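Fit chain D to the given chain G structure using the hints.
Protein sequence lines correspond, in order, to chains G and D. Going by the working numbering, the first sequence opens with residue 319, and the numbers climb by one from there. Going by the working numbering, the second sequence opens with residue 627, and the numbers climb by one from there.
Hints in this document: simulated from the structure, not taken from any laboratory. In this text, all values refer to a predicted model and were calculated from it rather than measured experimentally.
Straight-line C-alpha distance at most 25 Å; calculated BS3-like pairs for lysine-lysine: (1) Lys1054/D <-> Lys475/G; (2) Lys451/G <-> Lys475/G; (3) Lys462/G <-> Lys475/G; (4) Lys514/G <-> Lys791/D.
Restraint-style ranges between C-beta atoms, simulated for each label pair: (5) Gly504/G <-> Ala811/D: 26 to 34 Å; (6) Trp512/G <-> Ala886/D: 17 to 25 Å; (7) Pro901/D <-> Leu508/G: 31 to 39 Å; (8) Leu996/D <-> Ser486/G: 15 to 23 Å; (9) Ser382/G <-> Arg999/D: 52 to 60 Å.
Backbone N, C-alpha and C define an ideal beta-carbon position, used for all residues, glycine too.
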Amino acid sequence: MSRSGFAATLSRLLLQNRHGSRVLNHVGSLTAPRPFCSESDPRSRGRIKQALSGVSSFTPPANSSHDWVGPPDRMSNLRPIKYHIPEYESPLESRLRKLRQETEDWNHQFWTNQNISFSKEKEGFIYSCLKEKGLELRDEDGRKRTLSADEMAEFYKEFLNKNYQKHSVYNKEWYMRNFTITFLMGRVALLKTWRKLGWRQQDPKLK
Amino acid sequence: MQRWRPTACEEDRVKTRAFCRTIMYNSPCRKLTGLVGVSILQSLENAAQARLCSSNLVQLCRSSSSKWITFQHCNFLKRQYVTKTTEGCQRAKPKQEALTAPLVDRHPHLQDETVIRQVQQISAIDQHPSSVQSSKETLTQDTEGASSEEDPSTAQETRQWKEIKVMLGDLPGIYARLSKIRLTALVVMTASAGYAMAPVPFDPSCFLLASLGTGLASCAANSINQYFEVPFDSNMNRTKNRPLVRGQISPLHAVSFAAACAVPGITLLALTVNPLTGALGALNLFLYTCCYTPLKRLSITNTWVGAVVGAIPPVMGWTAATGSLDVGALLLGGILYSWQFPHFNALSWNLREDYSRGGYRMMSVTHPALCRRVALRHSLALIGLSALAPALDVTSWTFPLISLPINLYISYLGYSFYRDADRSSARKLFFCSLWHLPMLLLLMLTCKKSRVDEEDKSMAHS
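One chain only, chain G, in its complex shape:
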């Protein structure tokens, strides 16, 4: 990756400061009613609604000075983090926090889309296969019919190949964000250590 490309992406990452809420841009199409979910409709609609609203309801205690990590999100399987904002947050720390939040939102959006489209397409594939065979979606006992592993393998291969470009782009972006975040975390850690050492040196002078 060229330096100018890296710098451009880095500046884009750092200037695009989004706030804490997750805004899912591409999930709008999911509100179209479609029986893609195997579970009952109210539950699936509840999940989509939650994904669209995207706001986590947990508030960390006021006296905590650490970040808090939550349970895995149902759509993206990624764990949300509530970042602690210290009283005297330096610009560097602010940059890091906003980058991490933005990366989290971006990851959440990607994987939510990925998982939802996988589910949808899988259901569609099963439905069309069963239709070809002349079978209904559910058998006599009311249970859903499933296809054999060989039949599903066709779908898995097709899905993987179809998403190759998307994954390729995602991977590059993810690696860059990961490196940037880690680099900034290192700088912040050094800054904090410097501060602590600085304070300790000042104390004897004050005494």
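Just chain D now, kept in the frame of chain G:
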């Protein structure tokens, strides 16, 4: 929407299952432990399930408000039934959690809003109605500022969110999981076998240093691998309990740990053993972190690169002993290289859904016929390589003979995997590979060409 967090007894079950799953599916995780894990998994799960059902029901009745109980109760029973029927299928279901307690799942966003409003309005916690208190104990504790006490009936809610504060006591466990300690142990085992097979006097200190250096390099490689793969690991059942995925440590911490292992490890190998071993260790670390890990998502050639990564440790063990890259070292590497294919291809056969969804390019998904062919080809190659061992003066001629039964067996399983291409043949081949490798290495050690005989011969000639 908050995902369910396990209760105390469920935690046991989940831990047991995770432990057994790690044994069974950790690639390349080997053997006897895997078999034992499989056999105890079912019995433990059955026992745990019974406890779990009863405890869930008790909790449900105790803590839910009356209007919840009818809807929740029905769902609870439905989930139990659905879970049991699908339990044996081993399909990776990313969204459906097996045996989840239904207590807080159903409309958490609604109850969250209710609770938030109430918490903001009312300062004294004990004025809250019991339903709110039971549903979001976390928030009540937040406003009180206390985080240590946990009401047993609401333990699972409080456990949903965790402070990212690393306790020293947790670190060994976290580091063990970060470095994939079992896999590292197996890698060190193959390196030790390489050292032991080398035709030189056994030097215990050099042996220990080489093993330690290899172990540290392996820890570093595994940590970096996990550091790169956080979002992908979150989405696969096999890997979702890793420390970085769970947020137990920060990425910087993981990278620092990797650096703290890699630098002493490679330096140890390069300075105290010999530079060749150090170079091989560094090469292996580079191949695994910078070639194999990114390639997993780009091309199926990752499997071949991964096989080379698995083959290098015994070569390192050999070069640690002799200081040079002999044909014996290459033969050992070749055996490990060939072994990787039946092992990994069989494992990946049953994970096709997760790989497809997660974007991993594996032969089992994109080129299934090639996957089976390669597995068979390399299981047969093991017979050939075992026969080559005495020809290269690594072992005596008894080795190909006594290793023939196990090599034929794995080849037979490879053939049935090639022919049938179903879940059960893949599982059989995978589990066979787990015990096949240590057995083969053990037999090789017992048939090692004795140096005493060679010295006598040379003396007799002179």
